[in-house]
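Q: Spelled out from the first residue to the last, the chains are:
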Amino acid sequence: MIRIENLVKSFGAKRAVDGVSFNVERGEVLGFLGPNGAGKSTTMRMITGFMPPTAGKVTVGGHDVVESPLEAKRLIGYLPENAASYPDMTVKGFLEFAAELRGLGGSKRKTAVNRVVELCFLDSVLRQSIDTLSKGYKHRTCLAQALIHDPEVLIMDEPTDGLDPNQKHEVRNLIRTLGKNKAIVFSTHILEEVDAACTRAIIIDRGKIVANGTPEELRDMSALAGAVTLSAHGATAEKLSSVGRVEDLGGAFRIFPHDKSRSPELAREVVELVAREGWKVEGMYSERGELDEVFRRITLPDTVKR
Amino acid sequence: MRIIWTIAKRELNAYFASPVAYVFLVIFLLLTGFFTFTAGNFFERGEASLAAFFGWHPWLYLVLVPAVGMRVWAEERRSGTMELLLTMPVATWQVIVAKFLASWVFLALALALTFPAIITVNVLGDPDNGIIAAGYVGSLLLAGAYLAVSCMTSAMTRNQVVAFILAVVVCLFLILAGFNPVTDLLTRWASPQVVDTVAAFSVVTHFDAFQRGVIDSRDLLFFLSVIGFALFATGVIIRGHRAG
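Heads up: the protein sequence lines correspond to chains A and B, in order. Using my numbering, read the first sequence as starting at 1 and increasing by one per residue. Using my numbering, read the second sequence as starting at 1001 and increasing by one per residue.
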């Protein structure tokens, strides 16, 4: 649904987005990760047609965003950063306004508004003006606006920013449900959201894509992935080093496989060693790798890396 | 067309959703009343016309119209709703025109509320109502020209105060180019052609004809060109802002 080829955006001498390419198909939920100022919002603004790219091409549903903007924009629902909306309007008025701009009139408008009100749990604040709402409700009102025409493509800039944990949970569930028959891109810097909602994630840093894969694949990039942590009475680093590289955590040992492809066997080998030596095991688990470790490793400048 | 109507309707509602609209209307009516009857010596003139009323409009609008126009784009940029609006399936020119029309309708409403002035002259004497009608047309066009300039300066910044000041400065230039003390000053060292050219850019020169009851196509064209040019410039500024 979304095809992005070699997208570049320069602000003066600074290249905010520098040669980004990726595709998103129907049924995919793409998490867009990166530190602040990495170019996430700028990329999304180019997909939605708010900013023209300096170079490169964006097509949405086969329509070039620059050449046929109206056709492309019709397919897109967009939740901008900070969920901007008109504070003087009521929730109902705002949603009706969005529906009319999307070309929905009369009974169609009514059905569309009712549908998103139910989807985003806005029933209780329907007649309240937006500036009297709490941040969570404001956010959901803007999300409802993005969903009003049941778009095939949904672009969301930090959809869970500023929500409480319950609301975050609801929004993630909503994204996952909607993702079954839409193409969704959302940006975040909360890594747990990648596990909670995405089918694929892209990490972007200083305008360039530095990682692209399923959450599992990204986690496998972690140095920790495949390691075994063991705390056992009697265990020594010397003995353990026969199965892998050992790190002493003080009271526990972390064993890394010599060769990453052998990680599935590592746990068995450790168990066999424990049985042979007669150590009393207090705890043992396989590490899955941590996304935030991967994220830090590939987005921090070299000088800051540990 | 339907999209322009949708956006214009929202803009108009936004004026009346806040006290700004009512405050503006009251101040506008108080000031027109003051200038016409007190500063304009309406009664002492001893003539059945609204010359005292219309004569002040270029100066009155200088402050009041930028106050209406300053928020049109600046507010939209500050709150981030511009991003929302321009990623809807609408063309930028439609939004520009809709926003301008909504504010113009609001100014037209303010102007319409000065109708007691017409009643007053008709009760006191026997004025030429054709001249008065032409005066209203001219006044509305004058307000439109100032408003288009205010929309343009509003698109330049996210700060409403800056937009207001810029609009006042540009509109002041549009007045002064044809203001008698300034043209007198110019004639001392410039050729009459230069003075006429400069004066041709002034709203005062073109507004005068309307006050005399003459609706000349050249004056009409002047105001419509100022509006057209300023709105076109607004489009260029917005495109430049989006291109970064």
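Just so you know, these hints were derived from the structure itself, not from any lab. Hints are not guaranteed to be accurate.
Unchecked claim - Just so you have them, the derived chain A footprint on chain B, three or more residues with Cβ under 8 Å:
(1) 1014 to 1022
(2) 1088 to 1096
(3) 1209 to 1216
C-beta: ideal position from N, C-alpha, C; glycine also.
Q: Each of the hints needs a verdict: does it hold here or not?
A: Now for the hints, and whether the structure bears them out:
Coverage of the segment 1014 to 1022 of chain B by chain A holds in this model, with 3 residues showing a Cβ closer than 8 Å to a Cβ of that chain against a need of three. A count of 4 residues in the segment 1088 to 1096 of chain B with a Cβ less than 8 Å from any Cβ of chain A is obtained; the coverage claim is therefore met, three being the minimum. Evaluation of the coverage hint for the segment 1209 to 1216 of chain B: breached, as 0 residues show C-beta separations to chain A shorter than 8 Å, against a requirement of three.
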